Amino acid sequence: MGQAVPVVELKGITKRFPGIVANDSISLDLRQGEIHALLGENGAGKSTLMSILFGLYQPDEGEIRINGNKETIDGPGKAIKLGIGMVHQHFKLVQNFTVAENIVLGIEPRRGMAIDYRRANDRVRQLSEQYGLKVDPEVKIEEITVGMQQRVEILKTLYRGAEILIFDEPTAVLTVQEIQELIRILRSLAAEGKSIILITHKLKEIMEVSDRVTVIRRGKVVDTLATAETNESELAEKMVGRRVSFEMETQRCEPGGVLVRIDKLTCQGAGKGKNILEEISMHIRAGEIYGLAGVDGNGQKELVEAIAGLRPIHSGSVRLGDSDLTQAGVRERMAAGMAQIPEDRQKHGLVLDFAVSENMVLTAYADDRFGKRGFLNDKEIRRHAVRLAHEFDVRSAGIQVPMRSLSGGNQQKAIIARELTREPRLLIAVQPTRGLDIGAIEFVHERLMQAKNEGKAILLVSYELDELYKLSDRIAVINEGRIMGELEREDVSDEKLGLMMAGHRINGTNKAEVRHERQPEF
Amino acid sequence: MSDNRSFREWSRIFVASSLWVPIIAIVLGLVCGALVMWIGGYNAFEAYGALFDKVFGSKYDIGETVRTITPLLFTGLSVGFAFRAGLFNIGADGQFIMGMTGATLIGIKIDFLPWIVHAPLTLVGGMLIGGLWGALAGYLKSSRGVNEVISCIMLNWIALYLSNYLIRTLVLKPGTQRSELIRDSASMSIRWLSSFMENARMDWGIVVGLICTSLFYIVLWRTKQGYELRAVGFNPEAARFSGINVPKNMLKSMMIAGMFAGIGGVFEVLGVFHYQVISAASAGYGFDGIAVALLGGNHPVGILLSSILFGVLTYGSAGMNFSASVPTEIVRIVIGCIIFFVASQGLIQMLYKPFMARREAKRKEAA
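Each protein sequence line maps, in turn, to chains Z and B. So that you can map any letter, position 296 of the first sequence is 296 in full-length UniProt numbering, and since no number is skipped, the others follow by simple counting. So that you can map any letter, position 305 of the second sequence is 305 in full-length UniProt numbering, and since no number is skipped, the others follow by simple counting.
Incorrect hints may appear among the rest.
[As the list claims (entries may be wrong)] Listed next, the in silico DSS-like pairs over lysine-lysine satisfying Cα-Cα at most 25 angstroms (straight line):
#	chain 1	residue 1	chain 2	residue 2
1	Z	Lys372	B	Lys109
2	Z	Lys81	Z	Lys70
3	Z	Lys81	Z	Lys92
4	B	Lys109	B	Lys59
5	Z	Lys70	Z	Lys11
6	Z	Lys470	Z	Lys238
7	Z	Lys379	B	Lys109
8	B	Lys224	Z	Lys347
9	Z	Lys78	Z	Lys92
10	Z	Lys372	B	Lys173
11	Z	Lys347	B	Lys248
12	Z	Lys78	Z	Lys264
13	Z	Lys204	Z	Lys11
If you are wondering where the hints come from, they were derived from the structure by calculation, not from laboratory data. Please read all numbers here as calculations on a predicted model, not as lab measurements.
Just chain Z, same shape as in the assembly:
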């Protein structure tokens, strides 16, 4: 295989956009049956390059060879004809169509004028068996999980006869288990002779699945390496352009007294039936990061909403310092010193059509310093935004541009800047590094540690165990709306957390165990 012509050869691809060179003379080759990772930070030019290969953009310079032949790819149609398939980060599926309908969309098998659904279903089943991609062709997209939707996307490209598959950040939306499944699928596709380009900025996955890695920084190729001959920190260094620390020197300053008391918090679900949160208790001390682990969808979202005042509390209490906030509204809790970094920053944390400066006061505009007697003090708002952007390194084309125009990392920095400068006593951070690149993750982690050292109480909800290990002083695990136990950092192990996440109670510092053994009182 080594001597064969590469299936894809990109030579000196250059693409300019107004004011920026997105791709600067990039060369890359993809061999048959290999998994080639394309690594780079957000905005490094990975997606642009792949859009060129898929015919969405035309390169300004350079040539593309497919199986040794020079080709001009002037649209996705041409790309598909050449056997190139792309699995986008944001799925392009029709929600109320079935799996099979989505897969055959546009090239449906026909019988006379009508679509031959049985043949479509059979074909999908056959493909799904051939590549070990488990899907049920007859259910609707809206009814299946995200991981399965991704498999549908993959099948879509295979159905169209793709030999070269491009995956754009495929793991960004998946749970840990789904990632494992995806990695298995990638391997089996490669074994079937498909050639794969994997766009990502997650080092772990690259080490696990790829054969070679090409690192891109600021539109240029930094290096192409065999995965076996490199390691995570070398790749990180090449990607970011400087040394990156993976370990946080953990100055464990002694936490202060208990600041946040959540006692037997219970919330009811939408329908009747069991409670969505069941007697959750946690005490968070000042100067402590309290990690909450768990598989996505086990009540984390609801717990955060209940604490923040966005969801009615059925019983139990939420107290911050001396004040009982169980019945308080969002605004009241904020005034008492709560702040939140929401999980979905674009949907819940920002108004994307507002200017950067307006977003910087979204949770503080009511303060007197931003205007008296109901009017807005524009000058002060702008000054505030400039100061925050400077302090937290929020990069934008100015504070008057819409938030929409900022990159994900800078949007997140803006939220963190906004919430931390409010000097909260309790900061709730939900997946604060989701979708960010290494540089930005490092920044977010540093800021959280700094806030902790300043004596703030932090509730960190994350689905990534690495992040919890790195930052937390204590870790609790939630499963089906109940706390399974709570561990000091010294006592934490993968095994224990795994068991608790699967729903087993473990002896820890939590009183949950005690309560468990008590006789029910009637």
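Use these hints to put chain B onto chain Z, whose structure you have.
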């Protein structure tokens, strides 16, 4: 919110960021009107000439044009304001009618106050009744989740028939299908200006309209209340997360929108006709207001300009009929086309993008 996405698409149509779109839409609308005239065997140049002659022909016509513009400005502001808070106020029509009715009743039934008290009282009364009518839809939306488009359309009809009923039972002028005249002490006409403008019906409406236009801007962009309204309009979820009371803001925005439309109705009675007729259908100012807000990009200045345009076209159409014998309906076709082109931005961008691209290329070469 399940209709969030379709709302986004709507908002892209409404909040036009580009100045090109409305301008090209206007030109294309006029061209389409000319085409229709040409097909019908009329001389388009003559017709448009007559239209502008009619508008600027005499002091009387200028005055009457302003009179035509006024209600469009108010309903445009009404629709635009609600839209900034994320609501589609299709009920400006009903709010306008309620404003008229309120003004008629207060203007006739109270007979002991001097002008300086009675006129403003009538204005405020009509405004509040219009605002209440808007708030009704806002309340249904915020507390019951009723889609404001549906409730507004129903409230429009309720307003029309309620108003007819009230006029018939309370203030009907015997033997006619209209109310009595309002008291002089409630009149908002400006006599000296009217006689100066060759007896055109001049009133304080346009002045109040301009004040409202600036208030529209000040409230939305200079106050904290406006900040909340705009946040709710752009992203209600983020607004909720930052402690803004979303339902309350929806209610407020509908009430303010209703007040704008209500004032429009007030001046129609107090300034223009001095009575209100029992009608089988509304005058449609509320719906024209949607077009005005759409073309004006929901910006106060844009709304002012587009209300002037629509007012000029509407009033001038009579002249077209008179001197070029083109039916007045042609103007409705022109207005319809303009709205169509504004709404189908993509089409227009297709037209001007190549120009822009060429210019861009030239600039690059030069650099």
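Evaluated hints:
A hinted pair counts as satisfied when its Cα atoms are at most 25 angstroms apart, and Lys372 of chain Z with Lys109 of chain B does not qualify at roughly 42 angstroms. Using a Cα cut-off of 25 angstroms, the hinted pair Lys81 of chain Z and Lys70 of chain Z holds, with the two alpha carbons roughly 14 angstroms apart. A distance of roughly 19 angstroms separates the Cα atoms of Lys81 of chain Z and Lys92 of chain Z; the hinted pair therefore holds under the 25 angstroms criterion. With a C-alpha separation of about 35 angstroms, the suggested pairing of Lys109 of chain B with Lys59 of chain B is violated against the 25 angstroms cut-off.
Our distance criterion of 25 angstroms between C-alpha atoms is met by Lys70 of chain Z and Lys11 of chain Z, whose separation comes to about 10 angstroms. Taking the CA atoms of Lys470 of chain Z and Lys238 of chain Z, the gap is about 23 angstroms. The hint holds against a cut of 25 angstroms. For the given pair, Lys379 of chain Z sits about 50 angstroms from Lys109 of chain B by alpha-carbon distance, which is inconsistent with the 25 angstroms threshold. Restraint check: the Cα-Cα separation between Lys224 of chain B and Lys347 of chain Z comes to about 21 angstroms, which is no more than 25 angstroms; the hinted pair holds.
For a cut-off of 25 angstroms, the pair hint linking Lys78 of chain Z to Lys92 of chain Z stands: about 19 angstroms separates their Cα positions. Proximity of Lys372 of chain Z to Lys173 of chain B is assessed by CA-CA distance (about 52 angstroms); at most 25 angstroms being required, the pair is judged violated. Restraint check for Lys347 of chain Z and Lys248 of chain B: satisfied, since their Cα atoms lie roughly 20 angstroms apart, inside the 25 angstroms limit. Pair hint Lys78 of chain Z plus Lys264 of chain Z does not hold up; C-alpha atoms about 60 angstroms apart against a cutoff of 25 angstroms.
Our distance criterion of 25 angstroms between C-alpha atoms is broken by Lys204 of chain Z and Lys11 of chain Z, whose separation comes to about 28 angstroms.
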